[in-house]
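Starting from two chains that each stand alone, build the complex the way the hints lay out.
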Amino acid sequence: MKLTFGKLSAFGRALLRHKGAAAALAFLSVVALVAAFADFMPFDPFRQRLVDALKGPSQAHWFGTDELGRDIFARVVYGARTSLTTAAGAVAIAAAVGVPMGLVSGFFGGWRDAALMRFVDVMMTLPAILFAMALIAILGRSQIAAIVAVGITGIPSFARITRAQTLTLRSRDFVVAVEAFGGSARYNMFRTILPNSWSPILVQVVVLCSVAILLEAALAFLGVGVAPPTPSWGEMLRSGKSYLHEAPYYAVLPGLILTLTILSFDALGRAMADLLGERYEIRKSGSEGAA
Amino acid sequence: MPLAKPVLSVRDLTVAFGGTGKPVPVVRGISFDVFANEVFCIVGESGSGKSVTSLAVSGLLPETADVSGSIVIGDTEIVGASAAVLRHVRSQDLGFIFQDPATTLNPVLRVGRQIVEGEVTHGRLRPSEAQVRAAELLREVDIADPVSRAQQYPHQFSGGMRQRAVIAMAMAGKPRLIIADEPTTALDVTVQAQVLSLLQRRQAETAAAVILITHDLGVVAEIAHRVAVMYAGRIVETGTVDEIFSSPRHPYTRALLRSIPRGDAVHARLDAIPGQPPTPETLPAGCPFHPRCVIGKERGECRTTEPLLRPIGADQQAACHFAEEKLLPAEARRTDFSGPAGEKAGDSLLEVDALKVHFPVRAGILKRVVGWVRAVDGVSLTVRVGETVSLVGESGCGKTTTARTIMGLVPATGGDVRFEGRSLLKLSSSRMREARRQMQYVFQDPYAALNPVLPVEEVVAEPLRLHGLYETAGGAARIAELFEMVGLSRRMFGRYPSEFSGGQRQRIGIARALALNPRLLILDEPVSALDVSIQAQVLNLLQDLQKELKLAYLFISHNLSVVQHMSDRVAVMYLGRIVEQAARDEIYRTPTHPYTQSLLSAAPVPDPTLGRTRRRIILEGEIPNPAAPPAGCTFHPRCFRSDEHCRRVAPSVVSYPGASIYVACHHPSDPMIPSIVREQSMEAGE
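Here the protein sequences line up with chains A and B, keeping their order. For the first sequence, our numbering assigns the number 2 to the initial residue and increments by one for each residue that follows. For the second sequence, our numbering assigns the number -8 to the initial residue and increments by one for each residue that follows.
Keep in mind the hints are simulated off the structure, nothing from the lab. Quick caveat: nothing in here was measured; it's all calculated off a predicted structure. No false leads were slipped in.
Which chain A residues face chain B? A few, computed with CB under 8 Å, are given here:
(1) R173
(2) D174
(3) A178
(4) G183
(5) G184
(6) Y188
(7) T193
(8) N197
Cut-off 20 Å, straight-line C-alpha distance, at most; resulting in silico cross-link-like pairs (DMTMM-like, lysine to aspartate or glutamate):
(9) B:K288 x B:E316
(10) B:K417 x A:E180
(11) B:K358 x A:D114
(12) A:K56 x A:E247
(13) B:K165 x B:D66
(14) B:K13 x B:E272
Just so it is clear, CB atoms sit at the ideal spot from N, CA and C, and this is done for glycine as well.
Excised from the complex, chain B in its bound form (with noise of 0.2 Å):
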């Protein structure tokens, strides 16, 4: 390969974005080449300029940007070229395929046109030919029935099938680059894994050179040959997959493997990096990284001094100046750290009963009541004094509407919600009122949770003045304390949430919800919303808060891993059900439900070798539509296990005399012969 010429070759590229003041660069100098036939993937937390750097590849960047520097696509030149050459350009030589594919393809145009559009325009394809050609394409990402899928419009496709339409529509030139600007970040867990092994296997039979940007190392572990890592607009390290997540050689690397949580260290304290990622606007002197690095902290040369990109490997450059320092595992792991409260956990605090909320679907001009989404539909569940209980699932599944109504903002439907044995969902507004003081929400966007036009000390100080506890609780002095507790300072009083980033934003809203001294938090997919290294230092916040405080947790994830970290128990949801509920040990070692099997085999790893060698299940299809969940076991037309008795029988929940199982579902692996489970399943997968 390294004789081969490269497909793109990027040299000295720098971006600056000029706005009002001076320029601010986004990308400072970085060079890189993609081969034929690989995967390149360029990961980065936001504003890194990861996605800057790809739009620059495409000649997409608006005029207002100050690009240098030089990007050749095959024999051209990019940077400086005109309309023309570029139209060229992406016509024969680049796909894109975006994050959103929502937004990708025109709402108004049938999306068998919208694929070969550009092949039409190009005077590649005849019009005649195109009905035929969208057909083919569709097929070769694997839409089922691509003859009459062509005819109809995006909003007929679901998510996953969107992005295998986009990704037929960047390869329908067959390219030789494609630019895949985190093209799974909007998908589910399990329909991300069809699209990736998509990419992939799309990838290998076209030869083609693919640049994947992404934040997610589990993605990069899955599907990457070469990795650049990026930082404060640098690429700090490069190298092959292997030598990357085996033996990372700068300690930003190192540091944001250590800071996703693995499900081999579930007991341990995530490592998470101190501070913030830089903006451009405020780079530090010398090396960008040396405020929040374990070994450049206290050293001068790091201070004054920006390292460059150096060979370290074979193939490996790092841009560190101690890069070949054996690094002293950054701190032992802290023993002490006794993880979730496992065993030891006390009296039920929250029981949830049969609680079903099902929204009426209306039509027509009398808004008559046509159907019911049943989103959530009998879910059952307690939550002990200190203990964490995880409802995992996909997007649509019930988990936020199950949280939701549990605090009283959605009406139940049936069922009930008992806390300290007193049911919720009969009290009077004022008894309400007083029940939700001891049980706290914490929302996944920390950008939309705050209310813009108060102070921060304000915001927090806002339950306690509501319920006229303010002045009780000790005034200011409490709500410094409360700063303090989730590791803000009370020198931000008088600032506002917009001056704030995500992960600060995160501990507002976490100091809000533990002003009334609850003893519940429901937590709504706390860190979703935060990059790699912040959402560690989220997660040990609330480790720390939930010894400190013998808070409960009722925690709400799509993420596995971060699930596995944080939990005592795990609930498992599909279409507004619980499917699986076990121990949280149990449920990741010996999962029964299918869905359950499934969706741990999708989940990216952050692990090239592991990743290599296990054997995946991967779903079919999406999940349905929940106004018209599917007869019998809701699961069943994605099943792997599935047969005449699931399609017209809904299964009921079975216990194992032993296990702290409960699974509903007609064919159950055995929880007690794990191994053979594990291989029937995945013959039944593959």
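Next comes chain A alone, as it looks inside the complex (with noise of 0.2 Å):
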């Protein structure tokens, strides 16, 4: 349950034991890499060659053409690029505007709560997908809107969770100190409560990673997410489609990538769940000594 920077090292070596974390992070991190410094590859996600179009896997084209000649593993790189940071910044807008909703919902409770909680129930029957397009609808299409789009279906989660989580904080004997030797409220929930609740929330950070990247790559596939020519995974799959006969590799390849990302990302944030949830646990208190 608690992550202290001093146990952040084992916390990260118990994580490199676990099989299929380890499997996930050095999957995550080639992504990540290789969409960090694709600049400085020998290749260009843009450049059209007509000849070429709708050429199988070769060694000049690892993943193939499209229908303009395009070299496919190029656009998944930058649709890499894409995804990844569509998802990041979605989860940073999430978690800035959630957890300290779930803060001062859980600290204060009584009407901030009961108003807040509710906002949060409104969001969470609207469906995030129908909600997202409304938004792109408004900004109109581009990457921001995209980020904003994800990042706000995801601001409940956040929320209910930091709340959970300051619920059973608030009464500790240790938020109760501060209060006692005059903390202030605010002082109280940043400085003692979000520190111990990092877990559960770096937890749910990983997990809506997973959920952004495949909403981003829907909104692309709807046809509403970044506008082209930028690449991205989803709007691959979307012209892809029309070409799965003849050229199958174009819609099957990016999407096995776009799987692949979203299983890793989930199967980290189980194991994360699992490591923390077992070995964080607070120690309880001996009753023995009670007279």
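Structure follows, in structure tokens:
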């Protein structure tokens, strides 16, 4: 349940010993590194050569080419950039809004809690994809719009998790102690409760990354994600599906990478939850001495 | 008795837990016999292996435990026995009483059904007779109206009644051996007295052998016939209860007995045992007690060879190389110790005036207020500079709520709290912050009171940083000074609270409370979560700090001997009210309120001779629900002196000229004639 900086390295080691988590981490690191250093690689996702259109995988084009003769592998690599940055931005927005909401809600209770949680309930009744599409219709098609849309749909989960955590910590003696020696509510929320809540929030970050990537891909697939010609995995699935017969690799290979990425985030999140839940439990006080 | 065959015979029992690395021995070769019709107490501090021993005897240890040696119950060997054999033994010969009655009973089964479940399953009782039998069992443990009680669920029982039901269940099959693991630790003093006397009576009636595991020497003196003292996985001394208490031969037993506060030596400093009990992973070489021992610390033999248990007297055995040595009284009690400040206390620092804290009880979907819990209902007390005032009472009496309201952590419903003459209740939040610097709180549970993600020096520095005083106060040097004040070292900087033991954490909590140079500390059960030997260290530390820093203490506790040791004045609380308040010696010598009298007589005394001669008032019933307190005097349903008047009219507080006593009772004993008072109350109580 508890992550301190002292235990962070131990946690890292435990994560690497976990087979599923280690594999997921390895895959995600490769994807992230390739996406980060894509500019230094000898290929261009935008160069069109109509002569080479819809050629199968070869030495020159590992994943083949699309209908405009663009290198699919290059587009997958740049698409990773879109996916990862969208996910990161969305999760950042969701956490930045959701976590303080949960803290306030759980710490003060009463009308603040009621108001915030009813808002969260309303958010949760809206289908994420419909909500995102509506928002993009207002904001226009851009990566920023996608980030904001996906980010907002992630707020409720952070708010709820943080609220639950805050509720359990609120009445603990070390929180009351800070109040007793004169700490303000804000200090207590952000300096005492929040650092004691990192584990579930961290797990949620990872879980939400997979959700955000999927949602971003879905938006692109529906044609409301990032605007072409910016490469995006969902966009590639969308155009690839028209050529499923003649060029199955066109949709399948980007789809495979997308699936693997989402699975990896999910596996990582599960492993972290397992490890944190089991090994970081707060020691219960001994009732031995209570006379 | 020596010729009789023991009910339980344990030989060379060792228990080790594997875990990841090499096995850690928790019980290291112990042997003992328990005979029919006796109570055998195993006493020890946490980690001494006493609970593991009881689990081993009942065959309840987890698979990961590595058990060797021999445990024979009747004629059956338990170690390595098959599940079928174990089940047979448990059904025939064994009864269990666990620590927490709240978790022993299955909440979804009727109590009556649960207590006869075993007998029905094993075919000793026909289902058609089960109800009658259940009621009979409940009657045997003094539960009023047993027929309808048997139909109720555990949540409808109070804590003491649940433990009675558990005792009824344990004794249902008339087992030859009963294992009771801390059976009264979760109960209040007055309820503990009821349950102990019930256990004693039922044991005598059934002639069962009882193994009672406890950390409380008072309980041992009260109930045991023979005693085994455990330390670091071994029995270090065993003997009859009188031998153990009157002529203990092992230095640990002696030290343990000296470290508990006792009424006859209130002006003396406690002889704390230095250091920490060892953990199974960090056993010292040689005698495991030598680093903390007054006689063995410097001797080579103690450092190299672990002593074996050997006979000392007729029935007594001790595991000490020097058990025969006539001990100089460990260290002459320090005479310069002045004890609590007494008469010379100065001006009043904290005044609590008719404080009321009521919590609304809400029900229904609209959350309408349907009633009020009067947690604190008109409490008045004064704490003067440099003195200790104690609030004593059983759980639920409102002592912690009173303390937290004084700190401003719980809003008051009425009354006033003044600190240095200034009312705290109407202060703005910034003024309140300032006022709080003068007044600090020490929490009961040292495991919960420290922020687990901060290194300890930051925990102590936090109040200073919050008030922006860290640099002015001297930064890290000030923190080191605070650490030294509470007996810790600055070498501990950088470590996290989880790396410290309970006693050390409580010291850290005290250091944090001292950081802002307060004048008043509110100590909420500061030692009740600690082992006896550590408790004495912390109490001594608190008294030293008080003298050194001229601190005033508001000391909250349910432990009457600790309170007697620490206080100048004592206030006894019952259901949100102070029923009696007086100077320490007056209240302990001549208690006037019937509740005070019964509290004092219910507390177990760690002295078997005295325990046998004194007569006890055992209160009936338990603390009523504070949401629906009885009319009139709230104590009247349990009081042995109540009459019609008490049932109708709540008593007001009266004081006695010439005595410091304030008492809220229609029929107080007159403090001026103590001897008669005693006899009267005793008669009434019998």
